[in-house]
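K.L.:
If you read the protein sequences in the order shown, they are chains A and B. Take any residue in the first sequence, note its place counting from 1, add 4, and you have its number in the working numbering. Take any residue in the second sequence, note its place counting from 1, add 712, and you have its number in the working numbering.
Hints were generated in silico from the structure; no laboratory data involved. Hints may be right or wrong, so weigh each one.
[Unchecked claim] These stretches of chain B come out as covered by chain A in the derived footprint (C-beta under 8 Å, 3 or more residues):
{"#": "1", "stretch": "735–742"}
{"#": "2", "stretch": "760–773"}
{"#": "3", "stretch": "776–784"}
{"#": "4", "stretch": "798–808"}
[Said to hold, decoys possible] Straight-line C-alpha distance at most 30 Å; calculated BS3-like pairs for lysine-lysine:
{"#": "5", "chain 1": "B", "residue 1": "LYS812", "chain 2": "A", "residue 2": "LYS61"}
{"#": "6", "chain 1": "B", "residue 1": "LYS841", "chain 2": "B", "residue 2": "LYS962"}
{"#": "7", "chain 1": "B", "residue 1": "LYS864", "chain 2": "B", "residue 2": "LYS1014"}
{"#": "8", "chain 1": "A", "residue 1": "LYS58", "chain 2": "B", "residue 2": "LYS962"}
{"#": "9", "chain 1": "A", "residue 1": "LYS222", "chain 2": "A", "residue 2": "LYS51"}
{"#": "10", "chain 1": "A", "residue 1": "LYS61", "chain 2": "A", "residue 2": "LYS222"}
[What the hints assert, rightly or not] Just the calculated beta-carbon pair ranges, DEER-fashion:
{"#": "11", "chain 1": "B", "residue 1": "PRO852", "chain 2": "A", "residue 2": "CYS120", "range": "34 to 42 Å"}
{"#": "12", "chain 1": "B", "residue 1": "THR862", "chain 2": "A", "residue 2": "GLN135", "range": "16 to 24 Å"}
{"#": "13", "chain 1": "A", "residue 1": "CYS120", "chain 2": "B", "residue 2": "TYR879", "range": "25 to 33 Å"}
{"#": "14", "chain 1": "A", "residue 1": "ASP59", "chain 2": "B", "residue 2": "GLU873", "range": "37 to 45 Å"}
{"#": "15", "chain 1": "B", "residue 1": "ARG988", "chain 2": "A", "residue 2": "HIS55", "range": "52 to 60 Å"}
{"#": "16", "chain 1": "B", "residue 1": "ASP931", "chain 2": "A", "residue 2": "CYS120", "range": "51 to 59 Å"}
{"#": "17", "chain 1": "B", "residue 1": "VAL937", "chain 2": "A", "residue 2": "GLN135", "range": "50 to 58 Å"}
{"#": "18", "chain 1": "A", "residue 1": "CYS120", "chain 2": "B", "residue 2": "VAL742", "range": "26 to 34 Å"}
From a predicted model like this one, the values you see are computed outputs, not experimental measurements. For each residue, glycine too, the CB sits at the ideal point set by N, CA and C.
Spelled out from the first residue to the last, the chains are:
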Amino acid sequence: MSRGKAVCCAQLTLLLAAVVGCVQVPDLSLTLTSERTTIERTYELTKYLEHQLKDIKDTYLSYLGPPFSDPDFSPPRPNSSSLSVPSAATRVELWRGLENGARLAQNQRAYRVLLCAMRELARSTLCPYLQSSLLHFCSGLNGLLGSITGLMRSLGYTPPQLGDVPLPLPGDGQPLLTERPASNEFSRKVEGFWVLRELQSWLWRSAKDFNRLKKRLKA
Amino acid sequence: MISFWCRVLLLHQIFTSPACSAVVSPQDPVLLVGSSLTATCTLSPGLQLHTGFLYWTFNGNRLPSSVYHVQGPGALSVTLHNLNGSRQQSGDNLVCHGRKGEVLGGSCLYVGMPPQRPVNLTCWSHNTKDLTCRWSPGGPGEGFIRTRYTLKYKLRWFGQETVCTDYNRGINTCYIPSGLAVFTPYEIWVEATNQLGSASSRVVTLDIIDVVTTDPPPDVQVNRVGILGDQLTVRWRSPPALRDFLFRAKYQIRYRLENSADWKVVENVGNQTSCRLAGLRPGTVYFVQVRCNPVGIYGSRKPGIWSDWSPPMAASTPQSERLQTGSCDAKSGSQTAALRRELKQFLGWVRKHASGCGSVSIKLYDQWRAWLQKSHKTRNQILPGDKS
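One chain only, chain A, in its complex shape (with noise of 0.2 Å):
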């Protein structure tokens, strides 16, 4: 392992233990201070994969190869109808006067459809450098969503489970992308642009959501 790649893995290490060892405090008389540590250290987690995302996301595109690298690339999304990643676009004001219960589904529903698609991206990655990079980030990711089903229940909510009604979405309501594997390799490379595309809108506004949270919950 590279020298840099090890100090990554320690970074993401002591992340994670921090994380996790404040969510899985047993005391069921949570102050709202521990809340805001356990939000503050979620948001650095999401900071720092949103850091790390950016080289996997170029490595990845390389992969790919052009037009995918290209700077200005953009195909189309895919279009299907099974499971679908929710957008992170929202509206301003729905945003704004997002619940904190509701907050929180969204972001642990987007993490977990994008977590299982990731893995996917890895499985059928061919270069096997990558593949490691990318399951590697894979656990930091669920490292996050672990967090934040975490954070649910100590705040009081009720993590959603698999089957939920998908929140709404912009635009015509279609759905992003499907859990079914794309027939063929340019369709799934698309799915793989995508993949990335909306993990990385997604940890740039879970940083707000998270930011939002804390001051709402030191008011």
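For chain A, the structure is supplied; the task is to place chain B on it using the hints.
P.N.:
Just chain B now, with coordinates in the frame of chain A:
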């Protein structure tokens, strides 16, 4: 940096862009290097787009219209000749675009060569417990598309073929962790397969005891030999895993000067676990390493495989005032420096108090020393060289 609200609106726009509007065929073709391909972009029935506005790109590069053919009102084909090996293993990207450059559809091409038979299949066992095998691809063209290598083995006189499953120990390497028999030969080979064909390496026949390697000798110690400036002793222990079986094991020592990259190897150390290095430079730091070859283990008659070198141990030879054999930069010890200072003072006194000694100076002493060194060197050239 774009403000938060701008990015929200931008994302909203992205999610309302039109869907894929054409089908490209063939999908995922697999082709030999040098072959040609004609692909067709067929527009969806509802799409109001003239084929004259369509264009193709191949790995991001626009293809000239001279290779396009209109197949009908809603279909445009392109012919690629003499294809090179795929640019990336995920497949070359052949994309059909609309007038504004939007992606209408695409297909991934896999252009490569069938594998040639893998070569240089070599295996070694660590302490008779396991087996690691390494090979090289048979040809240069196998890297364009995904080529899978499978290592297989079976006992020579028993027909059960087993597939090796651990390919994580390195490139073109497979590891068999356990379940291996000794005193019976194995047949081992590698099969290479990709979408264009397959090939099998020559079968290697070996007995585990003939390809055994072991750990480097532990507890290597390097010490001075009294005040002798040109010698060091090296001691080590037999590798513990095979300690009871190393009757005919061989050892090798190598050593180098601290600031040199050139190792000197002592080949014939034999079966003992200590050795004295001679002909060294006094007052110098040396790095020393030892390795072991468990030759003759369990009665094997093969040359055996050397272990890795032990971690380097450092030691310094004592400082010596004698002029060294073959040395061309004898350093002044502290005693010599003191002697020179005293001599300088004496000669200064002689010039003052003894008439006729005006030309006597420390420079004369230095000239004498240089002459002395030169005459020693000439005499020593006829003496035997280093004993190592």
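K.L.:
How about the stretch 735–742 of chain B: do at least three of its residues have a C-beta closer than 8 Å to a C-beta of chain A?
P.N.:
holds (count 3)
K.L.:
Taking only the CA atoms, is the gap from LYS841 (chain B) to LYS962 (chain B) under or equal to 30 Å?
P.N.:
Distance of about 20 Å is within 30 Å: holds.
K.L.:
Against chain A, does the stretch 760–773 of chain B show at least 3 residues with beta-carbon separation below 8 Å?
P.N.:
holds (count 4)
K.L.:
With 34 to 42 Å as the target window, see if PRO852 (chain B) and CYS120 (chain A) comply at their CB atoms.
P.N.:
38 Å, holds
K.L.:
Between the alpha carbons of LYS222 (chain A) and LYS51 (chain A), is the straight-line distance 30 Å or under?
P.N.:
21 Å, holds
K.L.:
Is it true that the CA of LYS58 (chain A) sits at most 30 Å from the CA of LYS962 (chain B)?
P.N.:
The given pair, whose Cα atoms are some 53 Å apart, is violated under the 30 Å limit.
K.L.:
Check the following: the C-beta atoms of CYS120 (chain A) and VAL742 (chain B) are separated by a distance inside 26 to 34 Å.
P.N.:
29 Å, holds
K.L.:
Just to be careful, I want the Cα atoms of LYS61 (chain A) and LYS222 (chain A) compared with a cutoff of 30 Å; is the pair within it?
P.N.:
Answer violated: LYS61 (chain A) to LYS222 (chain A) is near 36 Å, above 30 Å.
K.L.:
For a C-alpha distance cap of 30 Å, please report whether LYS864 (chain B) and LYS1014 (chain B) respect it.
P.N.:
Distance ~23 Å between LYS864 (chain B) and LYS1014 (chain B) Cα, so the pair holds.
K.L.:
Taking the Cβ atom of ASP931 (chain B) and the Cβ atom of CYS120 (chain A), is their distance within the range 51 to 59 Å?
P.N.:
Since the Cβ atoms of ASP931 (chain B) and CYS120 (chain A) sit about 52 Å apart, the hinted range of 51 to 59 Å holds.
K.L.:
Mind checking the hinted window 50 to 58 Å against the Cβ distance between VAL937 (chain B) and GLN135 (chain A)?
P.N.:
55 Å, holds
K.L.:
Three residues minimum, CB to CB under 8 Å: does the stretch 776–784 of chain B make the cut for coverage by chain A? Let me know.
P.N.:
With 0 residues close enough to chain A, the hint is violated.
The structure is inconsistent with the numbered hints 3, 8 and 10, although it conforms to all the rest.
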